[in-house]
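Position 54 of the sequence shown, counted from 1, bears residue number 698 in my numbering, the numbering being contiguous throughout.
Among the clues, some could well be false.
[Stated by the list, open to error] Computed beta-carbon distance windows for the label pairs:
#, residue 1, residue 2, range
1, Ala669, Lys692, 28 to 36 Å
2, Val713, Val804, 20 to 28 Å
3, Leu811, Ala732, 16 to 24 Å
4, Arg690, Lys812, 19 to 27 Å
5, Asp814, Ala703, 17 to 25 Å
6, Val796, Val708, 38 to 46 Å
7, Ala816, Arg680, 47 to 55 Å
Simulated from the structure, these hints should not be mistaken for lab results.
All C-beta atoms, glycine included, are put in the ideal place defined by N, C-alpha and C.
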Amino acid sequence: MLLPDLKTPLLWALGLGLVAALTTAGIERTRAAGARADLAAEKADRAKENTARALAALADLQRVIALMVNHAKTQQENIYAYEARLGALDERRRAVAAERDRVRKQYADYVARDRDQAGGDPAACQRVADRSAVLAAMAARSRELLEGGRLVVEGRDNEVQLLLGTLKNDRALLAPP
645 MLLPDLKTPL
655 LWALGLGLVA
665 ALTTAGIERT
675 RAAGARADLA
685 AEKADRAKEN
695 TARALAALAD
705 LQRVIALMVN
715 HAKTQQENIY
725 AYEARLGALD
735 ERRRAVAAER
745 DRVRKQYADY
755 VARDRDQAGG
765 DPAACQRVAD
775 RSAVLAAMAA
785 RSRELLEGGR
795 LVVEGRDNEV
805 QLLLGTLKND
815 RALLAPP
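Let the sequences and hints guide you as you build the complete structure.
Structure (structure tokens):
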């Protein structure tokens, strides 16, 4: 009895298995290449998105820096104006003090002249002189208080102007673009 040749079907089976394995490997390689291409495309898309985000952040940072520089400049101008007004007020305070001293001296000279001229009726003249001295002191003190009050009000106005300028400047910085 003849035994069938088992080598040929086995070779065919091995050949078919090899062809199937190679086909499967080729398909897997193609899928892997496609996956690598998809991954590369996704990486490129992410890089573009990251670049766009970075450019947007840079533009926003530049806008904020420009706002901050403008804010600092305006704030410095407000402070310079405030200091200039303070200087003007100090000059006026000195002028008011000089004027006050001049008026006091003038009233004191007036009272002294009244006393010197009061030779006829010493008691009546003394009363007039005393009243004049009291009136002179009251007038000088009133003027001093009035001028001092004006300077205080102007000083407060100066501070309010500084604060309003600062507030306006800060609001401009914080305003939406």
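These are the hints, each one checked on the structure:
1. Ala669 - Lys692: 28 to 36 Å: 35 Å, holds
2. Val713 - Val804: 20 to 28 Å: The hint (20 to 28 Å, Cβ to Cβ) holds, given that Val713 and Val804 are roughly 26 Å apart.
3. Leu811 - Ala732: 16 to 24 Å: Once the Cβ atoms are compared, 23 Å apart, the range 16 to 24 Å for Ala732 and Leu811 holds.
4. Arg690 - Lys812: 19 to 27 Å: Once the Cβ atoms are compared, 44 Å apart, the range 19 to 27 Å for Lys812 and Arg690 is violated.
5. Asp814 - Ala703: 17 to 25 Å: 23 Å, holds
6. Val796 - Val708: 38 to 46 Å: Between Val796 and Val708, where Cβ atoms are some 40 Å apart, the hint holds.
7. Ala816 - Arg680: 47 to 55 Å: With a Cβ separation near 53 Å, Ala816 and Arg680 satisfy 47 to 55 Å, so the hint holds.
When each numbered hint is compared with the structure, a violation occurs for hint 4 only.
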